[in-house]
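Student: The residues making up each chain are set out below.
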Amino acid sequence: GENVEQHPSTLSVQEGDSAVIKCTYSDSASNYFPWYKQELGKGPQLIIDIRSNVGEKKDQRIAVTLNKTAKHFSLHITETQPEDSAVYFCAASRNNDMRFGAGTRLTVKP
Amino acid sequence: GAGVSQTPSNKVTEKGKYVELRCDPISGHTALYWYRQSLGQGPEFLIYFQGTGAADDSGLPNDRFFAVRPEGSVSTLKIQRTERGDSAVYLCASSLGSGPDEQFFGPGTRLTVL
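Residue numbers (the numbering used here), protein chains in the order written: chain A, 1 to 110; chain B, 1 to 114.
With the rest of the complex left out, here is chain B (with noise of 0.2 Å):
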């Protein structure tokens, strides 16, 4: 079946804009993650969903940043009046269940704020 996709696949936004990021997870799947990676680094923890619920946001930088899973598939990560430092690939993953489990990640969406 189809793997984590994510939209889209690049994003060139200026500073103070607001942009949308989506991930769309594997069918089935009721855990969904967000993760931040800057160049040279490892993926940075943002938020988890099991469900429509954000079960851990404790990952978020500050509150310019919110995500929702209104229905329990489709995520979506929103960043508000963005900074040239949120500049990153920003990476979605889904789990089957909601215990630590393999992660299957989408390819990111490169995000650069001018």
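Just chain A, with the same shape it has in the complex (with noise of 0.2 Å):
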């Protein structure tokens, strides 16, 4: 089955940098990749989703890139905020069999 790698798996930035998040993917089947933010004591929120026909996807501060042959999908957040700060995680899925990967705590100091 489907097996997603994430890291790193924390991140500490400064306020107004940038942050990179990677995941790898082992079913080159999948076709779908969302990123979830999750906050203390909620479930996770899509932030951004990215389809296997597309190469890269942008929404305001938020960008996410697919390279379909290396299996490799990333989260860029410019200009980082406090309110960024939470857990990151990454998902492949070809039909709704959907797997993360271990997830990404993100700090952003101020």
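No lab work stands behind these hints, which were simulated from the structure alone.
A few of these clues could be false.
[Said to hold, decoys possible] Chain B regions said to be covered by chain A (calculated; three or more residues, Cβ under 8 Å):
#1 51-63
#2 105-114
[What the hints assert, rightly or not] A few chain B residues facing chain A, derived, Cβ under 8 Å:
#3 A31
#4 Q41
#5 G42
#6 P43
#7 F45
#8 Y48
#9 L91
#10 P100
#11 E102
Every residue gets a Cβ at the ideal spot worked out from N, C-alpha and C, and that includes glycine.
Relying on the hints, combine the two individually framed chains into one complex.
Tutor: See the structure below:
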């Protein structure tokens, strides 16, 4: 089955800097790659997603890139703010069996 | 409108007991998912419903775990003979259609087995 690896597990940046989180997946048939943000005591919330027919997608300060050949995708957050501090999860899916990475705890220091 | 709701928010039980966890998906969402999240880990897929039927239950760890969605809306995750290793946050999510798409998560039920 699908295996998703995510790194780094923790990331600390200064407010205003950029943050990059990377994921790899194993199933070449996966075609949907969402990123979720999870705050303490809450369920994950989608922040951006990308499908396999697209190489890059951007939404304001957040962008995701996908390299299907290498089977990796990355989340880029620019101009980070303290409210970006949370745990971020990548995931990969080909039907509805979504597999998540282990998460990255992002801390943005003011 | 209302998001995905889960009850109870917390459940403490003793080893060997039976528990039921409830999920109310977003109205009109045909797909419903259950995940288990252990501390410091990502959500782990358990089961996926399309309508009333379990389209994929490959993530259920063993036959102590069972889930139903009899009317294609509310779902109940049932765990028999609970073990301490079952302690985790159980997340429910729903999505609009049948293909891979945005899943809307509930706040989860924190299950503690003593």
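Student: So, for every hint listed, does it hold in this structure?
Tutor: Outcome of the hint check:
no.: 1; hint: 51-63; in the structure: holds (count 4)
no.: 2; hint: 105-114; in the structure: holds (count 4)
no.: 3; hint: A31; in the structure: 6 Å, holds
no.: 4; hint: Q41; in the structure: 6 Å, holds
no.: 5; hint: G42; in the structure: 3 Å, holds
no.: 6; hint: P43; in the structure: 5 Å, holds
no.: 7; hint: F45; in the structure: 6 Å, holds
no.: 8; hint: Y48; in the structure: 5 Å, holds
no.: 9; hint: L91; in the structure: 6 Å, holds
no.: 10; hint: P100; in the structure: 4 Å, holds
no.: 11; hint: E102; in the structure: 5 Å, holds
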